[in-house]
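Number of protein chains: 2
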Amino acid sequence: MKPPDLIQELRDPNTTKIVFLVADGLGGLPLTPGGLTELETARTPNLDDLAREGVSGLSIPVLPGITPGSGPGHLALFGYDPLEHRIGRGVLEALGINFPLERRDVAARGNFCTLDAEGKIKDRRAGRPSDERNREICQKLKSVRVPGVELFIEPVSEHRFVVVFRGEGLSANIEDTDPQAVGVAPLPAVARDEDSRRTAEFADRFVAEARRVLHAEPDANGVTLRGFARYPNIATMQEVYGLRCACLAVYPMYKGLARLVGMDILDAGHSLDEQVETLERVWDQYDFFFIHFKYTDKTGEDGDFAAKVRRIEELDGIVPRITRLKPDVLIVTGDHSTPSVMRSHSWHPVPTLLWGRNVRTDGVSEFSEKTCLQGGLGQFEAKYLMTLAMAHAGRLGKYGA
Amino acid sequence: MKPPDLIQELRDPNTTKIVFLVADGLGGLPLTPGGLTELETARTPNLDDLAREGVSGLSIPVLPGITPGSGPGHLALFGYDPLEHRIGRGVLEALGINFPLERRDVAARGNFCTLDAEGKIKDRRAGRPSDERNREICQKLKSVRVPGVELFIEPVSEHRFVVVFRGEGLSANIEDTDPQAVGVAPLPAVARDEDSRRTAEFADRFVAEARRVLHAEPDANGVTLRGFARYPNIATMQEVYGLRCACLAVYPMYKGLARLVGMDILDAGHSLDEQVETLERVWDQYDFFFIHFKYTDKTGEDGDFAAKVRRIEELDGIVPRITRLKPDVLIVTGDHSTPSVMRSHSWHPVPTLLWGRNVRTDGVSEFSEKTCLQGGLGQFEAKYLMTLAMAHAGRLGKYGA
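Same order as they appear, the protein sequences are chains G and Z. Counting from 1, one number per residue, gives the positions in the first sequence under the working numbering. Counting from 1, one number per residue, gives the positions in the second sequence under the working numbering.
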């Protein structure tokens with residue numbers, strides 16, 4: 001029996017409220033070995049208070065040593081096994097632009113490319129058009145029609161776009177048409193199973209029509225498709241936990257990930273302040289609140305240690321406005337680490353604290369990588385965090401008599 | 001490969017002895033956040049010695065955040081995955097009164113109820129009869145005969161009883177007949193599969209006959225049945241570990257759980273003193289001894305912090321008599337936490353120590369929730385404790401060459 005099934009079975013109704021404050025890429029590394037991490041450098045009196053009154057630990061997003069993307073990182077935080085539920089590239093791209101994907105859709109990531117007179121790829125990225133040019137080319141592409149299926153074309157950035165095939169009986173087990181090489185023609189869309197044959201034909205037809213529509217383009221006169229994917233068949237958080245869930249995110253990708261697990265996507269403005277204003281406004285209408293803070297990850301990816309420190313301090317500053325609402329459970333964590341010295345996501349466990357009723361405190365009085373190592377939550381798989389939240393919120397009954 | 005299979009493959013014969021001293025509901029919480037737990041408050045010089053000489057940690061009974069009942073809690077301690085082996089309510093009730101259930105039996109929990117003239121439920125608990133009245137009504141019920149199946153009726157308490165259907169070819173995939181509501185008639189026993197159809201018919205026949213026999217009862221003139229269940233199909237500890245196992249428990253439920261995994265149930269009297277006397281007497285006849293101490297849980301459920309502290313000190317006092325027997329491995333743990341401030345089982349990890357040969361000591365010199373957090377066993381799933389016991393007892397060979 002898997003945790004979501006178990007929780008569905010054991011959950012008790014309650015009126016308690018759970019807040020997940022997710023600082024993307026929160027965990028870090030010191031600039032020089034033996035030094036302080038970004039979180040250890042930051043002045044975080046409010047987070048330190050929460051750590052002292054709560055219980056801390058380090059969450060392992062997927063498995064030890066595995067660096068997660070945003071998709072698996074967040075699925076785990078929401079209590080889903082990130083190894084069981086995989087989000088295909090096409091779907092992730094669609095989520096990233098907050099496209100309202102339906103369960104019957106097949107999405108693929110598209111690239112504009114430059115084809116020579118023989119139809120061979122000269123430039124896999126069509127000379128990297130600007131985002132504005134991308135939107136113009138996508139506008140042309142929107143005139144493409146394929147009988148038997150509805151098409152949606154949405155720009156992403158530069159040479160990237162998303163194509164969504166909508167209709168009944170579609171299936172996504174299809175090879176990429178991008179040969180990942182120049183000097184060869186794009187590949188046909190090859191169905192890997194019988195169910196996907198019709199969808200592959202639609203894809204081929206779309207690619208052919210796209211070439212026709214784009215033939216006068218100097219660079220972007222062809223397209224390739226990758227990562228055909230369907231919406232994962234995943235129970236909503238309402239179904240699993242019986243919680244009315246609100247997403248207070250600023251970036252489209254995280255709204256998309258929250259929509260995937262059935263949260264209501266609220267207009268949460270463009271800053272932490274506005275996110276918390278929204279939180280205050282809708283406090284009575286929901287049981288679970290996902291507040292996403294992007295900038296700890298962004299500064300980490302920029303390799304800007306000092307900026308990440310400042311962003312952590314900004315996050316710390318907002319904490320009193322959240323605790324003033326008296327959540328029953330407040331969790332502060334990240335979906336993965338993004339050490340600024342690495343300028344990328346990493347596998348390092350993520351500092352996590354749980355503050356609420358019936359916590360067994362642990363002597364941790366500061367929120368940091370090193371102190372969390374001594375915390376009462378130990379090192380745990382992130383997918384158990386929702387179970388812990390439900391338990392501390394008095395929303396889980398006993399397993400077995 | 002699951003741990004029991006692995007152990008069955010790797011186990012080495014030996015003459016070493018393992019003692020599990022299980023203090024039910026051992027783990028706790030402070031009365032006020034930041035204070036001392038029951039175990040931290042108790043004076044436990046003997047347990048502290050064991051912790052200093054042994055290795056400590058915190059066991060997670062099922063999964064992080066999951067509160068176990070006694071069944072899953074003990075199955076995990078005995079090395080079985082509590083999510084894989086589920087003990088149905090009917091079986092657990094039968095175990096709770098130490099009914100000698102057989103593998104072919106189907107057991108259900110029965111409730112006496114009050115039916116009105118139209119056969120609708122007026123009171124789901126028949127006015128909560130006394131235990132003595134319960135026994136009298138059960139005595140009447142014992143006259144019920146259902147052709148084709150053997151019946152056993154046993155009182156539990158108040159309005160609760162157990163009915164056991166014994167015969168070949170029975171199956172327990174049957175819906176509850178208790179509608180969990182008043183103003184409606186009890187439901188028929190609906191078989192969820194073909195195999196259970198005959199058993200459901202026996203159940204319906206039993207319920208009808210019960211009404212006939214009880215018709216003159218003022219309150220308890222009807223019965224409902226819930227939690228139809230069969231004995232779980234589980235390998236015995238003798239089969240898995242090659243150990244001759246003795247259960248030294250006082251309460252019927254724990255004898256029942258020990259019987260379920262094939263232990264010999266010894267008459268261990270009514271107190272810790274008598275349990276240890278039995279231990280001394282049968283020391284040469286067994287390899288594994290399960291000593292169950294109920295009162296750390298009972299006082300926790302009563303919400304009596306001070307009494308739980310005293311019970312822990314009582315447990316501590318018995319330790320020298322056990323170590324005097326020179327067990328090769330002595331484990332002190334609980335099946336779950338029962339913080340007296342919560343007055344219930346909880347999900348919090350359980351302080352655990354392992355004392356014996358070849359332990360890697362860890363600097364822990366006191367047995368408590370906080371110190372165990374720093375212990376060499378870390379936080380671990382309880383189902384691995386038997387493997388650790390077997391290893392330290394020199395009873396497990398190498399896996400792979």
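Do not rely on the hints blindly, as some may be mistaken.
No copy labels: a pair is met if it fits in one copy or bridges any two.
Computed cross-link-like contacts, EDC-like style, restricted to lysine to aspartate or glutamate with a CA-CA straight-line distance of at most 20 angstroms [stated by the list, open to error]:
(1) K398 / D302
(2) K398 / E84
(3) K398 / E301
(4) K140 / D284
(5) K120 / D193
(6) K370 / D49
(7) K398 / D116
Derived from the structure by calculation, the hints contain no laboratory data. Source: prediction; values computed, not measured.
Now for the hints, and whether the structure bears them out:
Within a single copy, K398 and D302 get their C-alpha atoms only as close as 46 angstroms, which misses the 20 angstroms cut-off; across copies the closest is 17 angstroms, which meets it. Taking the shortest alpha-carbon separations for K398 and E84, only the inter-copy value of 16 angstroms comes in at or below 20 angstroms, while the best intra-copy value is 26 angstroms. Taking identical chains as interchangeable, the C-alpha atoms of K398 and E301 lie at most 20 angstroms apart only when they sit on different chains, with a minimum of 14 angstroms there against 43 angstroms within one chain. In this assembly of identical chains, K140 and D284 lie within 20 angstroms of each other by CA distance neither inside one copy nor across copies; the values are 46 angstroms within and 54 angstroms between.
Proximity of K120 and D193 under a CA criterion of 20 angstroms is satisfied in neither setting, with 27 angstroms inside one chain copy and 56 angstroms between copies. With identical chains, the CA atoms of K370 and D49 are at most 20 angstroms apart both within one copy (16 angstroms) and between copies (19 angstroms). For a Cα distance limit of 20 angstroms, the shortest separation of K398 from D116 qualifies neither inside one copy, at 66 angstroms, nor across copies, at 34 angstroms.
Figure legend: structure checked against the earlier numbered hints; hints not met, in rising order: 4, 5 and 7.
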